[in-house]
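Protein chains in written order, with the numbering used here: chain H, 1 to 394; chain X, 1 to 640; chain G, 1 to 173; chain P, 1 to 108.
Simulated from the structure, these hints should not be mistaken for lab results. Any given hint might turn out to be false.
[To be verified] No farther apart than 30 Å at their CA atoms in a straight line, the calculated lysine-lysine pairs in the DSS-like style are these:
1. Lys20/G x Lys619/X
2. Lys548/X x Lys563/X
3. Lys376/X x Lys447/X
4. Lys93/P x Lys619/X
5. Lys140/G x Lys156/H
6. Lys94/P x Lys613/X
7. Lys156/H x Lys93/P
8. Lys93/P x Lys140/G
9. Lys156/H x Lys94/P
10. Lys619/X x Lys94/P
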Amino acid sequence: MGSDAFEIGVNFLKMVIVFLMMVQVVPLLVWVERRGSAYIQNRFGPNRVGPLGLMQLLADAVKFLTKQEFVPARGYPVLFYIAPVIAMIPAALAFGAIPLSMPVQVDAFEWLGQHWGPYVFKFQSYEIGIGVVFVLGVSSLAAFGVLLAGYGSNNKYALFGALRASAQTISYELAMGLSIVGVILLFNTFSFTEIVNAQSAPLAFNFFGHKLDWGPLPNWGIFYQPLGAILLFSAMFAETNRLPFDLPEAEGELVAGYHNEYAGFKFNMFFIGEYGHMLVASALMVIFYFGGYTIYPFLTPETAPHIVAPIASALGWSTNSTAVSLLGALLLHVVLLLKVVLFLWIFIWVRWTLPRFRYDQLMDLGWRKMLPWALFNTILTATVILVMHHSWGA
Amino acid sequence: MNHALLILTLLIAPLLGFLFNGLRFRSPDGYVAGTVATLAAGISFLCSAVLVKDLAAMPVESRVIATHFFDWITVGNLHVPFGFVVDQISAIMILVITGVGSLIHLFSIGYMSHDERPAKYFAYLNLFLFNMLVLVLGDNLLITFVGWEGVGLCSYLLIGFWFTDAQKAAAGMKAFVTNRIGDAGFLIGVFMLFSAFGTLNYADLINVIPKSPEALWTGTLTVATLFLFLGATGKSAQIPLYVWLPDAMAGPTPVSALIHAATMVTAGVYLFVRMSPVLIMAPHTMEVIAWVGAITAFVAATIGLTQWDIKKILAYSTVSQLGYMFLAVGVGAFTAAEFHLMTHAFFKALMFLGSGSVIHAMHEEQDVRHMGGLRKYMPITHLTFVMGWLAIIGMPPFAGFFSKDEILWQAFSSPYGSKGLWAVGVVTAALTAFYMTRLMALTFWGKSRFGHDVHPHESPPTMLIPLIVLGILSVIGGWFGIPHLLGEYVHLPNLIEGWLEPVVAKLPEVQSEPVIEWSLMRFSVALAGLSAAFAYDSYILHPERTGKLVSALGVVYEAIFNKYYVDEIYQGWIINPLVEGSKALWLYIDVNFIDKATYFAGDLVSGMASFVKTVQNGKTQSYALYMALGVVVVMTIVLM
Amino acid sequence: MWEAIAFYSLAIFLIYFAFKTITVPNPIHAALYLVLTMIGLGAAFFNLGAQFIAGVQMIVYAGAVMVLFVMVLMLFDLKAELRAFSRGLFSGGLKVMSAALLAGLAIGAANSSVAILENPDSAKPVADVTRQLGILLYTKYLYAFEALGILLLAVAVGVVAVSRIKGGTHAQH
Amino acid sequence: MLSIETLLHVGLPHYIFLSGILFSFGMIAVLMRRNVIVMLMGVELMLNAVNLSFIAFSKESGNLNGHIMVFFVMTIAAAEAGVGLALAVAIYKKFHEVNIRFFEHLRG
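My request is simple: use the sequences and hints to build the entire structure.
Here you go:
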């Protein structure tokens with residue numbers, strides 16, 4: 001029982017920490033978005049409160065928290081209250097399944113007079129064998145948050161926004177799922193960790209039974225699946241309801257879309273949900289196509305402990321392998337964060353660059369362009385894998 | 001080549017042609033339709049030629065090509081195989097059907113070139129060919145019956161081909177209804193044969209009947225064959241059911257040539273030739289057949305004397321010639337019947353096609369009073385028609401002479417024949433010579449009597465080629481069956497007799513008396529010649545004399561001209577009483593008893609249902625509940 | 001023990017939400033409860049080692065089918081119904097009874113066939129369920145799988161055809 | 001018979017029992033709810049209940065055929081839901097009503 005309780009405790013802690021990480025990233029992203037949009041539009045943005053306007057976030061938080069809680073008189077209070085929560089939960093759940101760094105082997109140790117471990121510490125809330133399917137399944141629930149918000153508000157603009165959002169979400173879910181199939185076929189697994197591990201190797205093609213090594217290039221998915229990457233990234237924009245797919249909250253048409261009636265902290269929770277989704281989307285892009293938390297040949301789960309070893313010794317730590325690996329894992333985590341931030345910036349960049357689609361254009365793009373291309377990508381990948389990996393009598 | 005495959009091709013080719021044209025029956029393009037149909041018929045002809053060649057190469061005692069495709073009906077002790085058989089009899093038939101049929105198809109391309117629905121016409125024609133082949137190839141009575149009905153259907157469709165004309169449609173109806181009477185007889189005959197002998201297969205019937213004890217079946221067999229003969233009188237236009245054939249001339253003329261002269265109407269003759277060993281066991285039937293045939297031949301010939309419509313004349317001539325064939329069957333001269341069937345197919349098809357050519361040239365004019373002197377406008381048609389004329393009136397060495405003379409001699413000498421039958425036959429031959437010469441005189445010779453707006457012209461080659469071929473066949477067709485008496489001089493054997501001998505019933509040998517045969521032959525030829533000369537004299541040299549003759553005959557002429565009032569008698573004594581009786585039954589019995597009974601049954605059911613239908617309350621969920629309850633019951637039963 | 005805790009909490013969750021699904025008068029609320037039931041069932045599948053099926057359950061049922069239901073209901077703009085259930089005390093009782101009977105019979109039948117099902121040879125947990133599932137799907141059940149594809153195509157065409165029926169606001173006057 | 005131990009030792013019967021309860025709930029919805037769409041939801045609930053028993057059996061027998069079955073059932077259920085909803089939308093467009101009470105035209 002001891003080890004069970006320990007695992008449950010650790011996992012609970014991890015879940016809380018990862019959730020808090022996600023939540024804490026949001027204010028930062030809001031600041032980046034505002035400063036970034038200002039930079040793109042050649043203005044200053046928030047710069048009065050604190051250095052570089054960073055304290056603006058705190059001021060906003062105070063404002064959100066102290067605002068009056070407001071429920072539309074003819075709305076459905078339960079749905080109205082629950083909608084922001086539901087909007088946030090899928091993102092949090094999906095983010096929890098994403099490996100933020102390499103797993104670390106913790107040696108057995110003694111604490112509080114009991115033996116603990118050995119234990120494999122994973123930098124993620126929970127490891128699920130079929131992580132990809134899980135993330136897809138959970139994030140498909142995000143539509144409910146929007147739907148409930150729209151319905152619970154009992155406001156026609158909100159309802160329109162909600163209907164648009166849900167239609168958009170289930171339309172682009174198809175293209176998204178199909179574009180991921182290529183990666184899954186390629187790496188032959190549903191597990192994020194295995195996908196990342198497969199990418200921390202030199203680029204190598206199997207060509208009719210011969211292995212072709214492509215020198216120093218990493219084995220990243222983007223080299224196999226450029227089309228899939230583009231499709232996934234586009235679909236992600238639609239899934240997160242970001243421009244150019246932010247039809248559900250099109251200001252010119254629907255006032256503010258599904259969160260028309262929301263204010264204060266409930267509104268903030270939608271914000272957290274949206275940015276959380278962005279975070280998940282960027283992380284998925286990085287993991288599927290850009291090597292996850294590794295950069296072969298410089299930083300891989302094998303090399304990271306060696307790189308951090310001098311720092312550890314400089315700090316006077318013992319060469320205890322657990323501590324060194326933990327440090328190495330932190331290094332890899334930073335690598336992942338950097339890559340994710342890059343994609344987050346692209347999200348923001350696109351938002352302030354491209355105009356919004358018309359609704360028919362949106363549906364047209366989803367069903368008649370992206371879905372066929374994703375299908376084509378899937379079939380092509382499957383065919384190539386079948387042909388190339390077949391030993392052909394060799 | 002595989003014989004089964006050949007037979008299949010033979011049958012399937014016209015069927016495919018039918019499907020091709022039938023599926024595009026609205027197409028106005030007669031040339032495509034005609035070419036396809038003619039090709040189909042041609043393929044059939046090639047197949048039958050190969051088959052007959054192979055058949056001839058076989059040893060005499062086993063000359064038969066039988067195929068068995070599958071078991072068609074197997075119920076109780078009724079086993080009907082779907083099989084076809086090519087033997088000596090059907091060999092001649094398929095050659096005639098497909099050969100003459102191909103020529104008529106070819107002729108039709110030109111004849112139907114101005115029609116609105118040629119594809120439909122050719123589809124029917126191909127379908128007819130298929131059914132006729134089924135009829136003659138079937139190895140049992142039931143398959144023959146399928147073909148029998150099939151040709152009846154095609155005959156109906158083609159007689160009424162121009163169905164927008166009510167009279168023509170009615171003619172088709174008449175043919176169909178009249179045939180139904182015969183078909184009912186045919187079916188009864190088939191049933192009787194089956195119940196008596198337990199089989200419908202020709203070969204089995206022929207084997208079984210002589211072996212079973214005679215006392216058990218003589219009566220049955222006589223009645224059964226009489227019923228079959230009733231069927232034959234319908235299909236082959238004998239008294240009393242001949243009335244449909246003259247009306248059937250409403251159809252396109254090539255149809256008359258193919259169906260109502262050369263092939264379908266001979267089905268009855270074929271049937272009895274095929275069943276000759278059975279028929280010979282029923283001498284009473286044979287006597288009836290012989291007399292009916294003879295009387296039909298005579299009556300039809302007399303009517304033919306008075307008709308003005310070129311096709312009607314030919315139609316009555318056909319009835320008369322068919323009477324000859326039945327006379328031959330009746331006196332046991334099966335070979336002669338089949339032989340006459342063949343030669344008649346040649347010359348009568350020729351004459352019908354020739355008349356078609358004339359009608360075509362005269363712009364649908366059929367009355368011979370408005371023709372005359374066509375010889376110089378249509379030389380080839382005239383020439384071929386002359387061949388047909390000489391053949392039908394029995395001039396040696398044309399085809400008709402040999403076959404007709406054979407029949408007359410058999411009627412005289414056969415143990416089944418009699419001098420009375422012979423006398424009727426000879427008189428009919430003289431009448432035939434008279435009315436055919438009259439036809440020639442009125443149509444081709446003498447002065448032209450048509451208006452100046454009519455410009456007769458010779459027909460196109462597609463119509464002339466069949467005429468020429470049939471003309472040649474009318475000349476030489478008889479040479480297959482030169483009687484022994486003449487054969488001794490020209491050193492030619494009687495081919496057709498030798499060919500058919502193994503399969504038809506043999507008659508007890510009679511002492512041949514060459515002197516009598518010679519003199520009879522000379523007598524009939526001389527009589528026919530005289531008769532023809534008299535006709536020529538009456539219509540060309542002294543046309544005014546015919547009027548006197550007619551007025552002298554007076555009432556008799558009137559009766560003959562009106563076809564002995566047969567149609568009127570049928571109408572008054574049979575059809576009208578039937579109609580009136582049915583009306584009475586309808587208005588009294590049907591309305592008062594049968595209808596009320598059915599209403600009562602319906603009311604009863606709906607009354608009872610009004611209780612049950614409350615279950616059917618339209619509520620989806622109730623239905624779901626019933627389903628659930630049903631599942632509960634079933635599961636309970638299963639689990640217990 | 002953990003298993004029992006997981007199962008019973010899940011079972012209570014499922015039964016409660018399924019009950020709410022069929023009893024709440026507002027169809028949208030019913031649909032939302034059904035979503036929760038679906039998610040709970042996904043968890044149950046996960047609990048039973050069917051991870052892939054659980055994921056598919058989330059994607060297909062919770063994520064797509066139920067979104068469609070909710071969307072359609074919202075489009076209809078139906079208010080809470082005054083009478084959610086069909087009339088008739090007797091038929092209602094009969095319906096409940098038959099449903100309960102059927103369920104009881106099914107449970108009984110299934111339980112009584114448990115003994116037959118147990119196959120000692122193969123009764124060990126399958127490793128790598130998802131991969132085995134895929135292999136099975138593309139070998140033994142390939143034709144069924146393809147037939148399913150054709151069925152879906154037919155359904156897609158049929159749905160488009162049905163939903164193009166003119167009527168209501170689209171009626172051409 | 002019904003001891004604490006049997007209750008705590010979770011196995012196939014427990015899941016089948018759960019599945020049976022859910023199935024009867026779904027069936028009651030089909031039989032008794034008036035809204036066509038809620039009836040459809042009842043059908044979905046029934047299908048899901050059956051799926052649960054399939055998975056439970058599959059686990060018990062160590063055989064993946066149950067999973068395959070569930071996979072197929074899910075696909076067909078999704079198709080059925082699509083068709084059902086399309087019909088419901090068509091009905092609603094025409095009659096402005098989805099109450100099953102108004103569609104009793106099949107009365108005998």
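* To do: Take the C-alpha atoms of lysine 93/P and lysine 619/X, compute the straight-line distance between them, and say whether it is at most 30 Å.
  => holds, 21 Å
* Do the alpha carbons of lysine 156/H and lysine 93/P lie within 30 Å of each other, as the hint requires? -> holds, 20 Å
* Keeping to a limit of 30 Å between CA atoms, is the pair of lysine 20/G and lysine 619/X held or broken? -> With Cα atoms ~24 Å apart, lysine 20/G and lysine 619/X stay inside 30 Å; holds.
* Measure nothing beyond the straight line between the CA atoms of lysine 376/X and lysine 447/X; if it is 30 Å or shorter, mark the hint as holding. => holds, 11 Å
* Pair hint lysine 93/P and lysine 140/G, alpha-carbon separation not exceeding 30 Å -> violated, 44 Å
* Given the proposed pairing of lysine 619/X with lysine 94/P, does the C-alpha separation stay at or below 30 Å? -> OK: lysine 619/X and lysine 94/P at ~19 Å, within 30 Å.
* Restraint check for lysine 156/H with lysine 94/P, where alpha carbons must lie at most 30 Å apart -> holds, 23 Å
* Holds or violated: lysine 94/P to lysine 613/X, with C-alpha atoms at most 30 Å apart -> holds, 28 Å
* Taking only the CA atoms, is the gap from lysine 548/X to lysine 563/X under or equal to 30 Å? -> Holds, because 21 Å separates the two Cα atoms, which is no more than 30 Å.
* Are lysine 140/G and lysine 156/H close enough, with their CA atoms no more than 30 Å apart? -> This hinted pair is violated, its Cα atoms lying about 51 Å apart.
Going down the numbered hints, you'll see the structure goes against 5, 8, while the others check out.
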